[in-house]
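Protein chains in written order, with the working numbering: chain G, 1 to 115; chain P, 1 to 114.
No lab work stands behind these hints: they were computed from the structure.
Accuracy of the hints is not assured; some may be wrong.
[What the hints assert, rightly or not] Straight-line alpha carbon distances no greater than 27 Å define the calculated DSSO-like cross-link-like pairs of lysine-lysine that follow:
#: 1; chain 1: P; residue 1: Lys42; chain 2: P; residue 2: Lys101
#: 2; chain 1: P; residue 1: Lys68; chain 2: G; residue 2: Lys57
#: 3; chain 1: P; residue 1: Lys42; chain 2: G; residue 2: Lys57
#: 4; chain 1: G; residue 1: Lys9; chain 2: P; residue 2: Lys42
#: 5; chain 1: P; residue 1: Lys63; chain 2: G; residue 2: Lys57
#: 6; chain 1: P; residue 1: Lys101; chain 2: P; residue 2: Lys111
[Said to hold, decoys possible] Which chain P residues stay away from chain G? Per the calculated CB distances, all over 10 Å, these:
#: 7; residue: Asp2
#: 8; residue: Ala10
#: 9; residue: Leu11
#: 10; residue: Gln14
#: 11; residue: Glu15
#: 12; residue: Ser20
#: 13; residue: Arg31
#: 14; residue: Ala53
#: 15; residue: Gly54
#: 16; residue: Glu58
#: 17; residue: Glu70
#: 18; residue: Glu81
#: 19; residue: Ala84
#: 20; residue: Ala114
Where is the CB? At the ideal position from N, CA and C, for every residue including glycine.
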Amino acid sequence: DSGVTQTPKHLITATGQRVTLRCSPRSGDLSVYWYQQSLDQGLQFLIQYYNGEERAKGNILERFSAQQFPDLHSELNLSSLELGDSALYFCASSRGGDWALNEQFFGPGTRLTVL
Amino acid sequence: EDQVTQSPEALRLQEGESSSLNCSYTVSGLRGLFWYRQDPGKGPEFLFTLYSAGEEKEKERLKATLTKKESFLHITAPKPEDSATYLCAVQATRTTSGTYKYIFGTGTRLKVLA
Chain G
1 DSGVTQTPKH
11 LITATGQRVT
21 LRCSPRSGDL
31 SVYWYQQSLD
41 QGLQFLIQYY
51 NGEERAKGNI
61 LERFSAQQFP
71 DLHSELNLSS
81 LELGDSALYF
91 CASSRGGDWA
101 LNEQFFGPGT
111 RLTVL
Chain P
1 EDQVTQSPEA
11 LRLQEGESSS
21 LNCSYTVSGL
31 RGLFWYRQDP
41 GKGPEFLFTL
51 YSAGEEKEKE
61 RLKATLTKKE
71 SFLHITAPKP
81 EDSATYLCAV
91 QATRTTSGTY
101 KYIFGTGTRL
111 KVLA
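Build out the structure end to end from the sequences listed, making use of the hints.
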């Protein structure tokens, strides 16, 4: 158990809908990262927040947005969902904000299925 | 174009049969190369960070090395519990903006047979 929690575990929804994924980092970690893992594209970095502020952006679509709250939990919002958004979404956390200098601890993931 | 390529895609080993996994990269401004282990349906687990050519790191039966073009993950006398997908990733600097980019390889699926 990494100490990172993600809810829900599974989510099934329809095209065009909007969903929110939630992540609670390990105690003491200030940084939260979001990743998407699909069969055809592998693991892709989406976005990173550090202490409430956006720190780095990867291949995040405009239909997706995220935020980190004062209690450091984070939410990833996915809207206008398409079939291709079906994937495993992972959250990770680390103590500091520098990707290269901080070990990331991954949560168990949320499996999103868009029908 | 920045790229991270892992080979082989899949590898089957007998228990005790040592081998190496390869991660080749073409990026400018490498800040770090990372190895992760991922079990099916679970989140990746951090293994190593390598920062510069010539660097080596070890953990139990695993040893990671780095050159200017590639990294190797050497597995010595593997056991069935080493079966997993091993992912390689790099953090590099975007030359135009000075910000960072993060690129993952597609992984090597390792199966160790008893």
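How the hints compare with the structure:
Using a Cα cut-off of 27 Å, the hinted pair lysine 42 of chain P and lysine 101 of chain P holds, with the two alpha carbons roughly 24 Å apart. Simply put, lysine 68 of chain P and lysine 57 of chain G have alpha-carbon atoms about 26 Å apart, close enough for the 27 Å limit, and the pair holds. Simply put, lysine 42 of chain P and lysine 57 of chain G have alpha-carbon atoms about 23 Å apart, close enough for the 27 Å limit, and the pair holds. Only pairs whose Cα atoms come within 27 Å are accepted, and lysine 9 of chain G paired with lysine 42 of chain P is accepted, the gap being roughly 11 Å.
Using a Cα cut-off of 27 Å, the hinted pair lysine 63 of chain P and lysine 57 of chain G is violated, with the two alpha carbons roughly 31 Å apart. For a cut-off of 27 Å, the pair hint linking lysine 101 of chain P to lysine 111 of chain P is broken: about 31 Å separates their Cα positions. A cut-off of 10 Å between C-beta atoms confirms that aspartate 2 of chain P is not in contact with chain G; the least separation is 12 Å. Even its closest Cβ contact with chain G, about 14 Å, leaves alanine 10 of chain P beyond 10 Å, as expected for a residue assigned away from the interface.
Every C-beta of chain G lies more than 10 Å from that of leucine 11 of chain P, the closest at about 17 Å, which supports listing it as non-interface. No beta-carbon of chain G comes within 10 Å of the beta-carbon of glutamine 14 of chain P; the shortest separation is about 28 Å. With a minimum CB-CB distance of about 27 Å to chain G, glutamate 15 of chain P clears the 10 Å threshold, and the non-interface call stands. Non-interface status of serine 20 of chain P relative to chain G is upheld: no Cβ of that chain comes within 10 Å, the nearest being about 21 Å off.
Look at arginine 31 of chain P: its CB is around 5 Å from the nearest CB on chain G, not clear of 10 Å, so calling it non-interface is violated. Its beta-carbon lying about 15 Å from the closest one in chain G, alanine 53 of chain P satisfies the requirement of being farther than 10 Å from that chain. Non-interface call for glycine 54 of chain P relative to chain G: holds, since the shortest CB-CB distance, roughly 17 Å, exceeds 10 Å. With a cut of 10 Å on Cβ distances, glutamate 58 of chain P stays outside the contact zone with chain G, its closest approach being about 16 Å.
Listed as a non-interface residue, glutamate 70 of chain P keeps its Cβ farther than 10 Å from every Cβ of chain G; the least gap is roughly 18 Å. The claim that glutamate 81 of chain P lies off the interface holds: its Cβ sits roughly 18 Å from the closest Cβ of chain G, which is beyond the 10 Å cut-off. Distance to chain G confirms alanine 84 of chain P as a non-interface residue, since its nearest Cβ pair spans about 13 Å, more than 10 Å. No beta-carbon of chain G comes within 10 Å of the beta-carbon of alanine 114 of chain P; the shortest separation is about 27 Å.
Checked against the numbered hints above, the structure breaks hints 5, 6 and 13 and satisfies the rest.
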